[in-house]
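Here is how the chains run, residue by residue.
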Amino acid sequence: MVNLRRIGRAFFADPATATGTIIVMIFFGLALFGPSIAPYSPTAQNVELIRQPPSFGHPLGTDRLGRDLLSRIIYGARDILILAGSGTALAVICGTLIGVSVSYLGGWLEELVFRLFDGLLALPALLLALLLLGVVGPSRTSVLLVIVVVYTPIVARVARSAVLSLKSRGFIEAARMRGERLSYILWRELLPLVMPTLAVEAALRFSYAIFLVASLGFLGVGVQPPSPDWGLMVLEARNEYALAPWSLYAPAAAIALLVIGVNLMAEGVRQTLNE
Amino acid sequence: MSQEDDRLKTLQIARSEVLTGQMSRRAFLRLGLALGLSAGTTALVACGSGGQTTQPAAAPTGISAGTPSGRLRVASEIPVQLDPAFASSDAEILILNHVYDYLVDVDAGNNIIPRLAREWTVSDDGLTYRLTLADGVTFHDGSPLTASDVVWTFNRLRDATLQLPTADLYANIVEITADGDTAVVFTLAEPNPFFLYDVSDNHALILRAGTTDPATTFNGTGPFRVVEYRTENRIDLAANPTYFQTGKPAVANLEIIFFADQAAAVDALRGGQVDLVLRMSTPLFQTLQQTPGFVAVQTPTNGFDLVRLRSDREPGNKPEVIRALKLATDREAIFRQVKAGLGAVGRDSPIGPLFSAYYSEETPLPPRDPAAARELLSAAGYPDGLKLDLHVPNSGDRPDLAVVLKEQWAEAGIDVNVIVEPESVYYGDNGWLEVNLGITGWGSRPVPQFYLDVMLVSGAVWNESHFSDAEFDALAATARTTLDEAERTRAYREIQRILIERGPIIIPYFFAQLSAHREGISDYVAKAFPGRTDLSVIAV
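Line by line, the protein sequences give chains A and B.
Residue numbers for the first sequence follow the numbering used here, so the first one is 1 and each next one is one higher.
Residue numbers for the second sequence follow the numbering used here, so the first one is 1 and each next one is one higher.
Do not take every clue at face value.
[Said to hold, decoys possible] Derived Cβ-Cβ restraints for the label pairs, each shown as a range:
1) P35/A to S458/B: 45 to 53 Å
2) N394/B to S165/A: 43 to 51 Å
3) L132/A to E411/B: 35 to 43 Å
4) D369/B to P53/A: 29 to 37 Å
5) N394/B to F56/A: 34 to 42 Å
6) L127/A to S69/B: 47 to 55 Å
7) E411/B to G119/A: 48 to 56 Å
8) P383/B to P53/A: 24 to 32 Å
9) E362/B to L219/A: 28 to 36 Å
10) P191/B to L127/A: 53 to 61 Å
11) F28/A to E362/B: 45 to 53 Å
[To be verified] Some chain A residues close to chain B (C-beta under 7 Å, calculated; not the full set):
12) Q45
13) E48
14) L49
15) P59
16) G61
17) L65
18) Q224
19) P225
20) N239
21) A242
[Unchecked claim] Chain A residues, not near chain B, derived (Cβ > 10 Å throughout):
22) A13
23) F33
24) G57
25) L164
26) E240
27) R270
The set of hints was computed from the structure by calculation and includes no laboratory data.
Cβ atoms here follow ideal geometry from the backbone N, Cα and C, with glycine treated the same way.
Could you put together the complete structure from these sequences and hints?
Right under this line is the structure:
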């Protein structure tokens, strides 16, 4: 069985992984305790404090409507982590269920499902997302749906490649000979062996999902204003870059930092599980 | 089906032109199938935030008497359609306004001023207009301008069989006749006190009689002649040495250089590749204001963003709700946050301060009072407040306006859900006329009657708030037809009172038209519709 302590030690032995983990933890902390940390409401406007540069009272400055950027970044962390996190989780669950079961069963069902997924994968993720949002209309739920639809096929394919190499192995044959039920074979025999691959995939998907949420916000088709969505904040700040560069730097830096953190962590997961 | 779709699209595009003041309402109504489509596309792009400066309304005085000298380079959006009958965007009108002439022009103060027509008389019944042309005017090909050219031009514009966008605008004209070579007589079916503004419609540039391809011929009487037109790149013009107005143009060469976006145009201005940019967004303007070596010019316009609630169904059919929304709104704060204080604060009526003869502050606007608004809502049967979807097109500063309103109205217990939509969605399938609560941009017009007739009288084609008020309708009809200026002024004042008291609309601000030029060019007078700017008086 897996030795958690050993994994933990190996995980944090690598400084890059440790850094990534700490960054992600900080953002999770912001998301969890945001309301008690944030100095202001993310939507509160102050007409007297329009486009103020960073100061003691407003460490990241204020935007064109006089809103505190630090508070918007903090609340934005909650938004993006919940959206990208739950979207990724759902996509990984759906992708795993479909990928493991369908590829183990094989036959025409496998052909049908994966040709369909190939069709979806042929479209660039962002294009597919825009098409979907065009149909269902922009909202938080739509963005969640988009993440699930866009990433489920990818996770399913990864699961399938792992299952295909396992399904002809002796222990599966043996289980089948023993007359084990399908669900036992799928979830007790196959799943544990597919898990490490999927864990790495999940971490990677999470970083892509963060990017996707931010991109959709930036394109103005994702979360709607006045939500403190980081992508939306970049979009809104873009036109006034010369007047208030800090209003662009803050959300852009937050997106970059979180994506880098998640990527470093994902790399750590991969290395640790490969050992 | 696809033809039907195209037609809808054309109309949607044309609608945005009307709203940005580039096409008349009647022109829009007239617009047939695919006609004018390409021209409209540019106009859609052009429909951004408006802007304004404070400039004297007087005619430019700095015309030098010497020979034209120097070169003026102007940044512009990309023109598509250069036949005057179809042109509509800023970029298109800007070019044509310098190649051709109007009979009469509208100055920066919205006054009618002479151009080809040096004087005019109106009959007592208001039905006959006689305009006398300037002497010695010639087209660029050397042929003289006569009254028959004017008759030919207007007959073309109102020819119903050609399906031109102007046919409805001029439907009230019974007859146009030449009185000798130098006078033109327009006979109207019913009085129209604003007829000279119609004569100065953007499309009404005088062509030579019999011109077969106006989109490429460019044979005008205007201050400049076309040297070279490179599609989607630039147009080079040279001074017309035989121009009938002495002292014009001031520059020998006019280069209009096309840019796909405003930021690029402003960069070109900063980099010294152009001398003048006629239109830009508020942040770009504010940036230039802080840059030495450039003059940022804001010109007041009567363009505005309209926040409107449908008054023919819940909850807007309750007068208390309309009053509550007005009480919950801080127009001054909106003006500063959304417009950076550029333009003017609105008073819920489209008759803005620019129409100084009609504008009135007689009726006080009640000060903001969210608590009173909450009580009104309670009295109207909404003790727990209201929940409303606010539809807003994703153009100009409208999304910001929506966000500020959401914050202000929240204090009065009104929970707004902002829905930002692309313009094609907001205006598509007439959705903007359907939604309960929306924000629509309206362009600047030289006279206020347009807004009342298309936006507020009962059953008007774009009565988006579905406002229907007998007293208002009667006043609007009076203002439309009376030849008594004092009576019209009274009607407009009453209309402003009604709109403040019970109009289902909020007009938080009027736009400023924002432009900028480098130091060293003089006599630039910006206009509310930048395409009608007179570049021939600018000296370099």
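Against the structure, the hints come out as follows:
Taken as a hint, the range 45 to 53 Å holds for the pair P35/A and S458/B, whose Cβ atoms sit roughly 49 Å apart. Between N394/B and S165/A the C-beta distance comes to about 49 Å, which sits within the given range of 43 to 51 Å. At about 36 Å, the CB distance of L132/A to E411/B agrees with the hint of 35 to 43 Å. The given range of 29 to 37 Å is respected by D369/B and P53/A, whose C-beta atoms sit roughly 34 Å from each other.
Hint check: N394/B to F56/A, Cβ distance near 36 Å, so the stated range 34 to 42 Å holds. At about 54 Å, the CB distance of L127/A to S69/B agrees with the hint of 47 to 55 Å. The hinted range of 48 to 56 Å is satisfied by E411/B and G119/A, whose Cβ atoms lie roughly 50 Å apart. Here the CB-CB span from P383/B to P53/A is close to 44 Å, at odds with the stated 24 to 32 Å.
E362/B and L219/A have their C-beta atoms about 47 Å apart, which leaves the hinted 28 to 36 Å range violated. The supplied range of 53 to 61 Å is met by P191/B and L127/A, whose beta-carbon atoms lie about 58 Å from each other. Our hint of 45 to 53 Å for F28/A and E362/B is violated, since their Cβ atoms are close to 59 Å apart. Residue-level restraint check for Q45/A holds (minimum Cβ-Cβ distance to chain B is 5 Å; threshold 7 Å).
With 7 Å as the threshold, the beta carbon of E48/A stays out of range of chain B, its nearest partner Cβ sitting at about 9 Å, so the hint is violated. Checking L49/A against chain B: minimum C-beta separation of about 11 Å lies over 7 Å; hint violated. The criterion of a C-beta within 7 Å of any C-beta in chain B is not met by P59/A, whose closest approach is roughly 22 Å, and the hint is violated. Hint status for G61/A: violated, given a least beta-carbon distance of 15 Å to chain B, over 7 Å.
Because the smallest distance between the Cβ of L65/A and any Cβ of chain B comes to about 5 Å, under 7 Å, the interface hint for this residue holds. At about 6 Å, the closest approach between the beta carbon of Q224/A and any beta carbon in chain B falls short of 7 Å, and the interface hint on this residue holds. Annotation: interface hint on P225/A holds; nearest CB of chain B at approximately 5 Å, less than 7 Å. The closest approach between the C-beta of N239/A and any C-beta of chain B is roughly 5 Å, which is under the 7 Å cut-off, so the hint is satisfied.
With its C-beta approaching chain B no nearer than about 4 Å, A242/A sits inside the 7 Å limit, and its interface hint holds. In this structure A13/A is separated from chain B by more than 10 Å, as the shortest Cβ-Cβ distance comes to about 47 Å. Every CB of chain B lies more than 10 Å from the CB of F33/A, the least distance being 24 Å, so the non-interface label holds. Residue-level check passed: G57/A sits 19 Å from the nearest beta carbon of chain B, beyond 10 Å.
At the 10 Å boundary, the C-beta of L164/A stays outside the reach of chain B, the nearest C-beta of that chain being 44 Å off. With a least CB separation of 4 Å from chain B, E240/A falls inside the 10 Å interface cut-off, contrary to its annotation. The non-interface label for R270/A is consistent with chain B: the shortest C-beta to C-beta separation is roughly 39 Å, beyond 10 Å.
The structure shown violates the earlier hints numbered 8, 9, 11, 13, 14, 15, 16, 26.
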